[in-house]
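Engineer: The chain contents come next:
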Amino acid sequence: KQEVTQIPAALSVPEGENLVLNCSFTDSAIYNLQWFRQDPGKGLTSLLLIQSSQREQTSGRLNASLDKSSGRSTLYIAASQPGDSATYLCAVRPPPNDYKLSFGAGTTVTVRA
Amino acid sequence: GAVVSQHPSWVICKSGTSVKIECRSLDFQATTMFWYRQFPKQSLMLMATSNEGSKATYEQGVEKDKFLINHASLTLSTLTVTSAHPEDSSFYICSARVIQNYNSPLHFGNGTRLTVT
Chain A
5 KQEVTQIPAA LSVPEGENLV LNCSFTDSAI YNLQWFRQDP GKGLTSLLLI QSSQREQTSG
65 RLNASLDKSS GRSTLYIAAS QPGDSATYLC AVRPPPNDYK LSFGAGTTVT VRA
Chain B
206 GAVVSQHPSW VICKSGTSVK IECRSLDFQA TTMFWYRQFP KQSLMLMATS NEGSKATYEQ
266 GVEKDKFLIN HASLTLSTLT VTSAHPEDSS FYICSARVIQ NYNSPLHFGN GTRLTVT
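First to last, the protein sequences are chains A and B. Here the first sequence is numbered in my numbering, starting from 5 and rising by one per residue. Here the second sequence is numbered in my numbering, starting from 206 and rising by one per residue.
For the record, the hints were derived by calculation from the structure and aren't laboratory data. Check before you lean on any hint, since a few could be wrong.
Cross-link-like lysine to any residue pairs, in silico, SDA-like; alpha carbons within 20 Å at most [unchecked claim]: (1) B:Lys225 with B:Lys246; (2) A:Lys104 with B:Gln234; (3) B:Lys246 with A:Glu21.
Computed footprint of chain A on chain B, listed as stretches where at least three residues anywhere in the stretch have a Cβ under 8 Å from a Cβ of chain A [claimed, not checked]: (4) 265-272; (5) 309-322.
None of these values were measured; they are calculated from a predicted model. Heads up, the beta-carbon is just placed ideally off N, CA and C, and yes, glycines get one too.
Only chain B is shown next, with the shape it has when bound in the complex (with noise of 0.2 Å):
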């Protein structure tokens, strides 16, 4: 079945410090993949969807600047948490769909969690 390979699993770093999480299909093309963020028992909540070859586009009340989204190829996704505070601690999964698979799941990361002192 389709793999979506997140990393790292976790991170501590101190405020101020940008962060880069990396979010890879394995065994299959994703043009498109979504980054979610998740706090203590709550919801996921979509931060942003990121685009082979072209700018991300974000939620509302998402920081472009803030969060920086790159997808360079059809396997690859990584978001940047520049200038991280503590209040950016939380838990952060991409997902990912199959290329030309229009029913196919959403399929999810392990997720990383972030934590900013």
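Only chain A is shown next, with the shape it has when bound in the complex (with noise of 0.2 Å):
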């Protein structure tokens, strides 16, 4: 059964710092990961997929990469502003034809102004 640890659970930082979010999953054979942003009693907005043939996806400050070997995946997210205070989720989808994601417990951001 696949799992997926985020760490650390919560994170604060000034306004102006990188962030530098973890995910690990430990079976290694997935299709995909996703990175999501969660605001509080809110949905998922996806933020970056990447797939697992990919090394690294980007999005404006948000950059992500994947070494799938070591079952990690990293979320930056370069001068962090007070907007970014939220929950980052990652998931992992299995091999084609599986849905299921596994999601990690998330990462609280809060940037303080």
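Both chains come to you apart, so use the hints to assemble them.
Structural biologist: Given below as structure tokens:
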């Protein structure tokens, strides 16, 4: 059974600092990995999706890397802003024909102004 | 982009009553939708996979008679929590994938906060 772990569970940084969020998974046989943002009491917003054949994906200030063999992904957020405060979840999808995502518990980020 | 609408966003009900939650794909068709449950500070746990025109597939430990799922069209799936009890209080989120787009990410609704008193 796939286990997804996110460390740290919570993170507080001053505005402008770069953020590094970690995600690890136990079964490297994944189809893709997705990073989501969740605001309090809200649903999930997809940030980045990395296919298993890719090493990284970038979108604006966000960069996500994937090392499938070691079961790790890292989400980098450059020059953090108070608006980046949220919970960030990573999820892995098993090989094709299965859309059941396995989620980590998330990292709750607070960016202090 | 693909939008998934979930309704209601929050609901408070008395113990023993039933509550229906709707999940709609607004601008795309979805043969498959997924229902998740999230407890405070915990991860999302998949409850069931909703298939248009057929029975839902439930994850181990999820009572199918407790959580009734109906997927009557390509844009609507409903989750009914029957005879709700306080332990059913949770955040329920649905997701859907774009039909015939094998590599598309899943799109999530905004969730429904259920409180059973």
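Engineer: All the hints need checking, so say for each whether the structure fits it.
Structural biologist: Hint check results:
A C-alpha spacing of about 24 Å is found between Lys225 (chain B) and Lys246 (chain B), which places the hinted pair above 20 Å, so the restraint is violated. Annotation: proposed proximity of Lys104 (chain A) to Gln234 (chain B) holds, straight-line Cα distance about 18 Å (limit 20 Å). Taken as a hint, the Lys246 (chain B) and Glu21 (chain A) pair is broken in the structure, with Cα atoms around 25 Å apart against an allowance of 20 Å. Interface restraint, the stretch 265-272 of chain B with chain A: violated (0 residues with C-beta to C-beta distance below 8 Å; minimum three).
For the stretch 309-322 of chain B, the assignment as covered by chain A holds, since 8 residues bring a beta-carbon within under 8 Å of that chain's beta-carbons and 3 suffice.
Violated hints, in rising order: 1, 3, 4; the structure is consistent with all others.
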